[in-house]
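Undergrad: Listed below are the residues making up each chain.
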Amino acid sequence: MSSKSIWIPIARTDDPVPRHGKAVEVQGEHLALFTVEGRFYVTSNVCTHQFALLTDGYVEDDCVDCPMHQGRFHIPTGEVRGGPVSKCLRTYPVRIDGNDICVEFSAA
Amino acid sequence: MSASEETAARIEASAATVRQPLARASHVPYRLYSDPAVLALEKERLFMKDWLAVGRVEQIPNTGDHLTLDVFDEPVVIARNAKGEINAFSNFCLHRGAEISRKGIGNVTEFTCPYHNWLYDLDGNLVGAPHMRDTEGFEVHKCRLPRVRVDTWGGFIFINFDVTAPPLAEFVSVFAKEFSFLRMEDCAIGAQVEFNLGCNWKFVVENLFDVYHVTTIHAGTFGKYRDTVDYFTDAPGQASLFGYYKSAPSMDSGKSLFGHMPWLADKPDTFACSGFQGPNIQMFGRCDGVIVHTIWPIAPDRTRMKSYLLFPRSFFDDPDFQQKADKYADYLKKIIDEDEAAITSLQRAANSRLFHPGRMAKLEHGVYNVLNYYLDRIVPRH
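Heads up: the protein sequence lines correspond to chains H and F, in order.
My numbering puts the last residue of the first sequence at 108; the count rises by one with no breaks.
My numbering puts the last residue of the second sequence at 382; the count rises by one with no breaks.
Bear in mind the hints are in silico, worked out from the structure with no lab data behind them.
Note that beta-carbon positions come from the ideal geometry of N, C-alpha and C, so glycine has one too.
Check before you lean on any hint, since a few could be wrong.
As the list claims (entries may be wrong) - Pair ranges (Cβ atoms, derived):
#1 F:137 x H:19: 23 to 33 Å
#2 F:123 x H:9: 45 to 55 Å
#3 F:84 x H:77: 30 to 40 Å
#4 H:19 x F:84: 41 to 51 Å
#5 H:9 x F:104: 48 to 58 Å
#6 H:26 x F:196: 51 to 61 Å
#7 H:28 x F:105: 30 to 40 Å
Bound-form chain H, shown alone (with noise of 0.2 Å):
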């Protein structure tokens, strides 16, 4: 864990998450909160193919498809899973403190 690392709490763990996944702004970046077989997973919000928001798109099992392209992207680890895209999304760390859910996140 770099120094310079924080943990947010970003939402409660008792505020649904919707099926496609919640959009949440961190210090100006555009992060999204997923849930998969009810473990909570915090990836970038960005298609990394062009500019589009992917919890505007569709969550199918443990995967996001951006609704711009239909690029998909693996949620636990990011891995891309199809479509037009060739770079992995960037995942965050998770952790739960008591009803907040945290992510880590470089201030830098």
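Given the structure of chain H, go ahead and fit chain F onto it with the hints provided.
TA: Okay, now just chain F, sitting in the frame of chain H:
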């Protein structure tokens, strides 16, 4: 009788003036050069059936390089994919028809329609479309832009809009057999010039094969170097449009700035040849390079000529190569400028009710041959 059949019948009647021995021939009625219905028939019977040279392979050497063109109102993209293959497809989005690629030469990793962001790969396949999930029966991966046939010969990229046309290799076989010794595939574009001429495309084609005007209009340029002889033959078919004669490298001084093409080392400095490949390619070979003109009708009285000045790739190592190649281009511009005033005045004669085309001179053998070749394609002889 349909409108196009009526036009064909009128052309056939006009053809009579050149469908006889040269010594008895006259120029054809100028309605053939001014009537929009004639151009429409030429489009259907020539340009939409034949292979058309639209560029050179060295213009798009890398993955994602592409040419974006309008060919007879058909917007076309020619792109090289990651496998190195060249594909041609329509330049309109499958959704509303917006252009997906801007005119000219460029490089992209994919084509994004600027209107609604539909995305295409370098082969013209639709790979993504925003917010179409609720559109029933729409499957992105089953959609592709209409393909246009594409192939290459002599370093040129040819396209064809007719799915039933014979392969390019067959189409160019006679020309290829005659002129393979020029090795145009081992040349590259040293310079390119585009001319916009205010006359019918056939006036341009005829002019390039007209020996008769060379010592008058071009007295101050290449007329000095070229022998005024009829070098065209009465050979059947396309061979009647091939010729060999004596001239000089296409330079003011009549002297090459580069020396001979390596594969023409045994030819004299005065070596000159010319050839026609229908519908619109005219080639002029010299000891030191090849100039290829492609002639494109824009309107009955407007023509665009794209000229490629080709030189062997080894010449490109010359540190002054571009400066020298540009001199060849300047000289070509000077020559076509000399022609322009005359051939555009022909177009004005076409609009006069008092003008009746005159008799042909023996030195117009090339004009006579190319006119007959063209007419036989538009209105075949019975």
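Undergrad: Each hint needs a verdict: does it hold in this structure or not?
TA: Hints, one by one, checked against the model:
{"no.": "1", "hint": "F:137 x H:19: 23 to 33 Å", "verdict": "24 Å, holds"}
{"no.": "2", "hint": "F:123 x H:9: 45 to 55 Å", "verdict": "47 Å, holds"}
{"no.": "3", "hint": "F:84 x H:77: 30 to 40 Å", "verdict": "33 Å, holds"}
{"no.": "4", "hint": "H:19 x F:84: 41 to 51 Å", "verdict": "44 Å, holds"}
{"no.": "5", "hint": "H:9 x F:104: 48 to 58 Å", "verdict": "52 Å, holds"}
{"no.": "6", "hint": "H:26 x F:196: 51 to 61 Å", "verdict": "58 Å, holds"}
{"no.": "7", "hint": "H:28 x F:105: 30 to 40 Å", "verdict": "38 Å, holds"}
Violation of the numbered hints given earlier is absent; every hint is satisfied by the structure.
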